[in-house]
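A.B. asks: Chains as they are written, first to last, in the working numbering: chain A, 1 to 105; chain B, 1 to 161; chain C, 1 to 118; chain D, 1 to 326; chain E, 1 to 94.
Since the hints were derived computationally from the structure, they do not count as laboratory data. A hint or two may mislead.
Stated by the list, open to error - No farther apart than 30 Å at their CA atoms in a straight line, the calculated lysine-lysine pairs in the DSSO-like style are these:
id : chain 1 : residue 1 : chain 2 : residue 2
1  : B       : K104      : B       : K146
2  : A       : K95       : B       : K146
3  : B       : K76       : B       : K146
4  : B       : K76       : A       : K97
5  : B       : K146      : B       : K129
6  : D       : K80       : A       : K95
7  : B       : K3        : A       : K97
8  : D       : K80       : C       : K33
9  : B       : K3        : B       : K104
10 : B       : K146      : B       : K3
11 : B       : K129      : A       : K95
12 : B       : K104      : B       : K129
13 : B       : K104      : B       : K76
14 : D       : K80       : A       : K97
15 : A       : K95       : B       : K3
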Amino acid sequence: MMDTVLDVLSWIFLLGGAIFLLVGAIGALRFPDFYTRLHAVSVCDTMGAGLVLVGLMLQGGLSLVTVKLLLMFYFMMFTGPTAVHALAEAAMQSKLKPVVDEREP
Amino acid sequence: MSKLQHAINLGLFLFALWVLLSGHYTPLMLLFGVLSTLFVVFLATRADLIDRETQPILIKLSVLFYWVWLGREIIKSNIDVTRRILSPGLPISPTVFTVRAGQKTELGRVTYANSITLVPGTVTMDVDKDVFTVHALTREAAADLKRGEMNRRVCNVEIVF
Amino acid sequence: MSELLGHFNYWIVIILMMTGFYIVIARPNLIKKIIGLFIFQTSVFILFISMAKIEGGTAPIIEEGISVYSNPLPHVLILTAIVVSLATTALGLALVVRIREAYGTINEDDIHVQDEED
Amino acid sequence: MEHLVDIVLLGLLMITGFAIVRMRSLLAAAMLTSIYSLLSASLFVVLDAVDVALTEAAIGAGISTILLLATVALTTDEEKAPRHTPLLPLVVVIATGAALIYGTLDMPHYGDPAAPIHQYVAPTYLHDTPGVIGVPNVVTSVLASYRGYDTLGEVTVIFTAGVGVMVLLGYRLRRCNITGPGIRNLIVLRVIAKLFFPLILLFALYVLLHGDYGPGGGFQAGVVFATGFILYALAFGLGNAQRLIPRKLLRIMVAVGMLIYAAVGIESMLLGGKFLEYRVLADDPVTGQRLGIMLIELGVGIAVASVVLIIYYAFVSRHCQAPEDM
Amino acid sequence: MYIAVTIAILIAIALGLVRAFRGPTLYDRIMAGNMIGTLTVLMVAVLGFMTGRPEFLDIALVYVLISFVSTIAVLRVYIIRGTMDSSSTGSGKE
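Isolated chain A (complex conformation) (with noise of 0.2 Å):
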């Protein structure tokens, strides 16, 4: 019983991570610009890179594997930001202007 629950909650993480991962992908397409593009990276650092290894941790349970898994997941964690934040910060360096909303709010 309770193997069932945990697996049905892992197939929803796994395929929540998955539609993020897409959503994210699908926009940074679609946006206009470099900058904008960042933001839909983001979402597919962090909804999407999450929720498929939490999905994946239901899946392995208590052991060495999970420890694997949540490491990996600190590591991203650390990693995405800093080098979203690296990458903004040349671009912005290199005088790439960002598209900004001009209107009055």
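Based on these hints, arrange chains B, C, D and E on the given structure of chain A.
C.D. replies: Chains B, C, D and E in isolation, oriented as in the chain A frame:
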């Protein structure tokens, strides 16, 4: 804390990591674990990296609370960004603005900067001492950040570091 | 149909190989040539690893309860070949850097012109 | 279902290959090469070659791209159009490709267990490894024990290439102020690098010492170890990295790595065996084998890590040296 | 079920490739490379579970570390000289 204490902490953390990664608990493998840990701590000392920031023990309770709060924020803004990506009109209003970080230490500031980037909808573009240049996907996300709740929360956990 | 799928891997590998080969012989830019060689090399790696695969097999790390393993020998050859490819690519790129310093260009056509003038 | 993944990945690889041909900007081509390498690494996982996948990811997607970009930065980005029409090369390529495809028709099917390649030595290796060598990872046992000569040769090639790069590019770092766009403000990177530098090094040692049990070994560990130092150099500057590991030490370490390998071979000759016959190294043949494998993996790891770092230093210090030629 | 996730990841990789081809700036391509790196890590992890040998997560862990270091290195090593190609100094708008 003294430098020695920091080195010992790092060593203990690395050894725990080794044990968790390894999965082979013969005396030989554990001995290798000890040797590897000592070697890495030696290199880190030589690289002059041993100080408070190398301490990956951010497992204090209040930090954990911060992470839970941050997780909730991330989920909320993810759903928001997802809605915007999928809606046909692409309702975004990108803005660039600056915020002031109230943290005293480098580690605190970096935590704040990375938290901003981690939440989809806002990306830290530049860190100049305590002034961050931030790019936001929408005006709402920008207004949300300017309210300064995240800044306050990072300041609160910073004391624990 | 099975005839088609049976060699699919090899055919794609050959297309990749020819892509790399084309870059090497048709493009005068030396860096592009090295990229072409890189593509060529990688396609050879894929060819070897495809040959090692056995239907229903798994990675050649012995474990209780598993009886079919893929062939480990090509893995060994390719593993070392990858590291060697890094070393040779680096050597090639170092040569490109020096050629640029000596000739002021990395375009093969221009280099030939300069050589003829001398 | 693995077939589907395999086919899709190959398709993506093909598209990437064609895109690389068409790209005029060398930088774009280099970035696509990195993606190409990542895709082929995941293809290796699908094809059960986990050790190879580990190596390809560490080398193809990492170091190779860095070197390509460093070279582009030192030379030029734009590729001039070729002077000749690409007709003749196209004919040659299509003819060669057709001949090769005709050749594949006689090859055994993909995944066929009855293919000749699976009939001779491979079953012996798979069958004997647990008993004779005593390690579960057959790739490691073949690499380090059965085909130890080959590997010694490969390490020699790497060593020679490292020496070649050193001779071609020189190895003296001239200090200079780095200007221009880029990541100028390094606090975020520095704090993260402080956290990750020890972790990457420990992970490299883990990969080295667990090569017997899972994917990993000297080659992969060497590259990951060097990557740790590259991260350090990126965050704290090449000067600091060279204070941490001086060039002189690196030059010695390359030789030491090679010598450890060769010394294991000679030691086994002195103990009455043949060159690289590890079973004489200890009283129990299996222990001897494991000891021998461990030592030569260590030698390989040291040599590879030093060569990769030497190459990185050589290319990046060249950057600082010649600001006037742009 | 794992196959569904794998297919989703493969589609996402294909979309990332489109971004890498179209550019238009170098940064877009680096970003696409970084995204494909993340997707590859996840695919390797899922494939490990699919083939029933999840202990190969070591590979995925190495990918995480390498793809991070190479993204940073690409930004630092190339852009040090300040030689940007002309296309990347534009507005970045398509």
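A.B. asks: If a hint holds in the structure, say so; if it does not, say that too.
C.D. replies: Hints, verified against the model:
With a C-alpha separation of about 19 Å, the suggested pair B/K104 and B/K146 falls inside the 30 Å cut-off, and the hint holds. A C-alpha spacing of about 25 Å is found between A/K95 and B/K146, which places the hinted pair at or below 30 Å, so the restraint holds. With a CA separation close to 17 Å, the supplied pair B/K76 and B/K146 stays within the 30 Å bound. Restraint check: the Cα-Cα separation between B/K76 and A/K97 comes to about 28 Å, which is no more than 30 Å; the hinted pair holds.
The suggested pairing of B/K146 with B/K129 holds, with an alpha-carbon distance near 18 Å, which does not exceed 30 Å. Simply put, D/K80 and A/K95 have alpha-carbon atoms about 26 Å apart, close enough for the 30 Å limit, and the pair holds. Between the alpha carbons of B/K3 and A/K97 the distance comes to roughly 45 Å, so the proposed pair goes past 30 Å and is violated. At most 30 Å may separate the alpha-carbon atoms for a hinted pair to count; D/K80 and C/K33 meet this at roughly 13 Å.
Of the pairs offered as hints, the one joining B/K3 and B/K104 holds, with about 21 Å between alpha carbons and a cut-off of 30 Å not exceeded. Restraint check: the Cα-Cα separation between B/K146 and B/K3 comes to about 38 Å, which exceeds 30 Å; the hinted pair is violated. The straight-line distance between the Cα atoms of B/K129 and A/K95 is roughly 21 Å, inside the 30 Å bound, and the hint therefore holds. Between B/K104 and B/K129 the CA atoms are separated by roughly 10 Å; this keeps the pair inside 30 Å, and the hint holds.
A hinted pair counts as satisfied when its Cα atoms are at most 30 Å apart, and B/K104 with B/K76 qualifies at roughly 28 Å. Annotation: proposed proximity of D/K80 to A/K97 holds, straight-line Cα distance about 29 Å (limit 30 Å). Taken as a hint, the A/K95 and B/K3 pair is broken in the structure, with Cα atoms around 42 Å apart against an allowance of 30 Å.
The structure fails to meet hints 7, 10 and 15 from the earlier list, while all remaining hints are met.
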